[in-house]
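Enquirer: Next come the chains, spelled out residue by residue.
Protein chains: 2
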Amino acid sequence: MGEVEEVKLLMTGLSPFAGRIIWALKLKGVEFESVEEDLTNKSDLLLQSNPVHQKIPVLIHNGKPVSESLVIMEYIDEVWNQTCPLLPADPHQRALTRFWAKFVDEKAFASMWSALQMRGKEGGEAALEEAHENLRILEKELEGKKFFGGESIGLVDVTFGSFAKLLDVLDEVMGSDKKMIDEDKFPLMGKWKEQLSELAVVKSCLPPADKLAAAVQARRNESAAA
Amino acid sequence: MGEVEEVKLLMTGLSPFAGRIIWALKLKGVEFESVEEDLTNKSDLLLQSNPVHQKIPVLIHNGKPVSESLVIMEYIDEVWNQTCPLLPADPHQRALTRFWAKFVDEKAFASMWSALQMRGKEGGEAALEEAHENLRILEKELEGKKFFGGESIGLVDVTFGSFAKLLDVLDEVMGSDKKMIDEDKFPLMGKWKEQLSELAVVKSCLPPADKLAAAVQARRNESAAA
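If you read the sequences in order, they're chains A and B. Counted the way this note's numbering counts, the first sequence spans residues 284 to 509. Counted the way this note's numbering counts, the second sequence spans residues 284 to 509.
Only chain A is shown next, with the shape it has when bound in the complex (with noise of 0.2 angstroms):
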């Protein structure tokens, strides 16, 4: 594209969902200005681009806001369309691309993350359990591929790739002798994980431990004072 181009990136740094847009962004070698948000004194700019959920991920493209991640995702994809596809080209393919990533997004998300709250309390191994299914599911999908996207990195990817990534820190943060993604248990899933890490574009986007490991404790503080 020949114009100048504005982008700029409402997020956090520990969002997963604004994990998945600063991957695409990248990989697709789009330059960007990221806007760090403070969740408890929102912006002018985030209500005003996304007045109806108000949450990050926002992405304004020469003035122009998109939201949710998996819509911003697929705008990346179209705008920026010369290299480095996130969804193939094959329309049944396109479709089981975005059945997975909508998989990944309302049932596997949802339930990570709720094992993760209620890790070390009454439930805790029911909602581990319930986590491991889907994670069982998603293993199983794996199977003959490198990437969920095949030979190479894809929307599901993307998707799945940042909030693993981001997992795999919180399990160091917070010392848990048992791994969300546990390698002996998911050892396709682990085999993923590292060629994810291979990709110089997901280096440079790793979770910050420091950041996260501050963000878990005062959380714990929080809670401890409650």
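Everything labelled a hint here was simulated from the structure, so no lab data went into it. Hints may contain errors.
Remember, identical chains collapse to one label, so a pair may be satisfied in a single copy or spanning two.
Once the Cα atoms are required to be at most 20 angstroms apart in a straight line, the calculated SDA-like pairs of lysine to any residue come out as [what the hints assert, rightly or not]:
1) Lys-474 x Thr-366
2) Lys-291 x Gln-376
3) Lys-385 x Phe-300
4) Lys-390 x Leu-353
5) Lys-347 x His-375
6) Lys-385 x Leu-353
7) Lys-385 x Glu-361
8) Lys-462 x Val-313
For chain A, the structure is supplied; the task is to place chain B on it using the hints.
Expert: Same frame as chain A, but now just chain B:
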């Protein structure tokens, strides 16, 4: 497309999610076979075609299944792309369309369904207020437009329209004094529903009031007996 197409839809006659797919296929002029599923005794074809969710609707096109109604609609739009586009061509307009379809699916639909379930029970008024809050957001989106898609019917109209029509029939069948999508409260939406009803394709898809009445009565009998 030159080849002989085999298009099969696993559905139930009362599902608004299946209703969307029927609208979309009819808008595109695609010949298809409807296969009514008994959800208390799901067919092997359904279980094999959508093993993850085991839910209708599933579209089976030349033997290849696609699940999740929003995903199916985008698939239909991509395969039968010569007529009646459900998504616009411009990437930003496409993103907005996907945003609103998602809003209808995840926010509006859920709140309206919950308000229906709670009708006449404790908390019913609060549930209705939440549904109306989402309807106000949609009403605003219709300002200055004939359809959500602009001058012609598009993805958001199909996503919401098949449900809105079902709600109207349901209101009538249940003899409610408060309509869910009340034309006095939501005049633009009232006009929109009229415009939808004028389309031949929508006329041919109106929900079957007699079957709906029987289903509502059966559910009432069940709760009375419980």
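Enquirer: All the hints need checking, so say for each whether the structure fits it.
Expert: Now for the hints, and whether the structure bears them out:
Taking identical chains as interchangeable, the C-alpha atoms of Lys-474 and Thr-366 are never at most 20 angstroms apart, the minima being 25 angstroms within one chain and 44 angstroms between chains. Taking the shortest Cα distances, Lys-291 and Gln-376 sit within 20 angstroms of each other only across copies (18 angstroms), while inside one copy they are farther apart (30 angstroms). For a Cα distance limit of 20 angstroms, the shortest separation of Lys-385 from Phe-300 qualifies both inside one copy, at 13 angstroms, and across copies, at 16 angstroms. In this homomeric assembly, Lys-390 and Leu-353 come within 20 angstroms of each other (Cα to Cα) both inside a single copy, at 14 angstroms, and across copies, at 16 angstroms.
Taking the closest pair of Cα atoms, Lys-347 and His-375 come within 20 angstroms of each other only across two copies (8 angstroms); inside a single copy the shortest separation is 30 angstroms, beyond that limit. Taking the shortest alpha-carbon separations for Lys-385 and Leu-353, both the intra-copy value of 8 angstroms and the inter-copy value of 10 angstroms come in at or below 20 angstroms. For the identical chains of this complex, Lys-385 and Glu-361 are neighbours both inside a copy (18 angstroms) and across copies (18 angstroms), given an alpha-carbon limit of 20 angstroms. In this assembly of identical chains, Lys-462 and Val-313 lie within 20 angstroms of each other by CA distance neither inside one copy nor across copies; the values are 34 angstroms within and 49 angstroms between.
Taken one by one, the earlier hints fail for this structure at numbers 1, 8, listed in ascending order.
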